[in-house]
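Taken in sequence, the protein lines are chains A and B. Sequential numbering of the first sequence, starting at 0, is according to numbering that gives the first Met the number 0. Sequential numbering of the second sequence, starting at 0, is according to numbering that gives the first Met the number 0.
Note that these hints are calculated values from the structure, not bench results. Take these hints with a grain of salt, some might be off.
[Said to hold, decoys possible] Distance condition first, Cα-Cα at most 27 Å in a straight line; then the derived DSSO-like pairs of lysine-lysine:
id: 1; chain 1: B; residue 1: Lys191; chain 2: A; residue 2: Lys191
id: 2; chain 1: A; residue 1: Lys191; chain 2: A; residue 2: Lys8
id: 3; chain 1: B; residue 1: Lys116; chain 2: B; residue 2: Lys272
id: 4; chain 1: B; residue 1: Lys139; chain 2: A; residue 2: Lys191
id: 5; chain 1: B; residue 1: Lys53; chain 2: A; residue 2: Lys79
id: 6; chain 1: A; residue 1: Lys53; chain 2: B; residue 2: Lys272
[What the hints assert, rightly or not] Here are a few chain B residues that sit away from chain A, every Cβ distance over 10 Å (derived from the structure):
id: 7; residue: Leu18
id: 8; residue: Leu42
id: 9; residue: Arg221
id: 10; residue: Ala226
[Unchecked claim] Quick look at which bits of chain A chain B covers, simulated, 3 or more residues with Cβ under 8 Å:
id: 11; region: 30–42
id: 12; region: 89–97
id: 13; region: 127–134
id: 14; region: 251–258
Every residue gets a Cβ at the ideal spot worked out from N, C-alpha and C, and that includes glycine.
Number of protein chains: 2
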Amino acid sequence: MLLINGECKNTVDATDRGLHYGDGLFETIEISQSQPVFLQQHLARLKTGCQRLKIPFPAEALLLDEITQLSKEVEHGVIKLMLTRGSGGRGYRQPDTIQATRIVALHPYPDYPADYKTAGITVRFCEYRLGLNPTLAGIKHNNRLEQVLARAEWQDEFQEGLMLNLNEHVIEGTMSNLFVLKDQVVYTPEIKLSGIKGIMRQVIIELARQNNIVVQEALLTRELVLAADEIFLTNSVMGIWPVKSLEDNAYPIGPVTQKIMAYLAEYKAADIK
Amino acid sequence: MLLINGECKNTVDATDRGLHYGDGLFETIEISQSQPVFLQQHLARLKTGCQRLKIPFPAEALLLDEITQLSKEVEHGVIKLMLTRGSGGRGYRQPDTIQATRIVALHPYPDYPADYKTAGITVRFCEYRLGLNPTLAGIKHNNRLEQVLARAEWQDEFQEGLMLNLNEHVIEGTMSNLFVLKDQVVYTPEIKLSGIKGIMRQVIIELARQNNIVVQEALLTRELVLAADEIFLTNSVMGIWPVKSLEDNAYPIGPVTQKIMAYLAEYKAADIK
Chain A
0 MLLINGECKN TVDATDRGLH YGDGLFETIE ISQSQPVFLQ QHLARLKTGC QRLKIPFPAE
60 ALLLDEITQL SKEVEHGVIK LMLTRGSGGR GYRQPDTIQA TRIVALHPYP DYPADYKTAG
120 ITVRFCEYRL GLNPTLAGIK HNNRLEQVLA RAEWQDEFQE GLMLNLNEHV IEGTMSNLFV
180 LKDQVVYTPE IKLSGIKGIM RQVIIELARQ NNIVVQEALL TRELVLAADE IFLTNSVMGI
240 WPVKSLEDNA YPIGPVTQKI MAYLAEYKAA DIK
Chain B
0 MLLINGECKN TVDATDRGLH YGDGLFETIE ISQSQPVFLQ QHLARLKTGC QRLKIPFPAE
60 ALLLDEITQL SKEVEHGVIK LMLTRGSGGR GYRQPDTIQA TRIVALHPYP DYPADYKTAG
120 ITVRFCEYRL GLNPTLAGIK HNNRLEQVLA RAEWQDEFQE GLMLNLNEHV IEGTMSNLFV
180 LKDQVVYTPE IKLSGIKGIM RQVIIELARQ NNIVVQEALL TRELVLAADE IFLTNSVMGI
240 WPVKSLEDNA YPIGPVTQKI MAYLAEYKAA DIK
């Protein structure tokens, strides 16, 4: 089910700047018990992205209305909310008046095996190196060829791949953020030159800190990640997936990962109450 | 006029990966005397891009047929040829079988004032810094937020803006490639970490060399560009635009620029004969 500028339809104008330049932003929101999870955080990030790209943020009531409408259709699912700069302008030059294209799409919840959460996943390092781009880092814009190329490096042998950037720092998974525990400190890569600041990443940082777990945003090398005591990956749809295997190393679903998973379950339940 | 996978229509599927990820490539081709200019070079670059992004290149006869069909509609115009990875796949993961979306769009030739060519244009340096990305540099892919952001820095006060990358090297204009003459050597930025290898750029390099003008691909600083004897910008639609003014400096349309403009006019006439 798909709403494009409020209308039920399946196509966009072929002149849309989202298509031509990836000139847009998106959010991927879990629907649980027919309600959008962490909706305020998603809208806040979308707003930040709009400010960065100078795309007008739509009336919030309108977004809320459309998201609520689609959420009610399913018990468990995913909404992809996309906002492009719409049509018009001349080449890269944007039109004087921007009429953003607003796409709200409802998808079934992915059929992830339950043991990804309970037993952990198998992960590799990608060969592709993320470019460096401080202006675009952090926001969830539609220029995502890097993730597409990195994800094309394997088929089903792994559940996720970790990406380093050109500075050889580990930044994130192709579709997830990374947390590693070492000596009772949780590290997550700083997202300044490359990468996306996931909503779930931010939730986990806050939850851990509220519960007196030390979390540091840091520059992580491949060696530091491999030497971790515990590793887990996060995104808004899958929540937390512990890593049981990275390259030739095995990792436990250790006590800190388990604690954070419990905090998240509780916090998520409260969010959609 | 618009052909999408051979059909006359104005919309694309809202699931197209071009829209979601900028997962595609494009070419902008001048139509002169109802014929596409430098068509073989454009198709060759598109093929290189397809190899790089692993998008299947369409049957060449089909592309030629569609481009010829639209070219006949106008005496002078522009064709934008776009190829996306189509729909399907799961998130960033591409589908096992890729059905590319092929878009051939005919546009009127832009109404550029004639004196851009004869008297030169006024140019600035952009504040935005191009990211570093060796894997994506060179090809004309649809991840073009950088150019959109750079072009948003001014309105009509300038005809083009020059972009530096994070290493503070001058790379290109927002929609053009850069050539500067200094002490009888023509320099153009090397396109290894950032930037697009324009078809017109390649044509100019070859034409100049055939005519015993020394051309070097080099790392250019802002200072070197400002100190140039002559400057000109190129792309497939505008051809060559001499720069008469960059920041506070004035430049002549000097003898080397004039010679190269003459070589290009001759070569282009032969190409569409």
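Hint check, failures only: 2, 6, 7, 11 and 14
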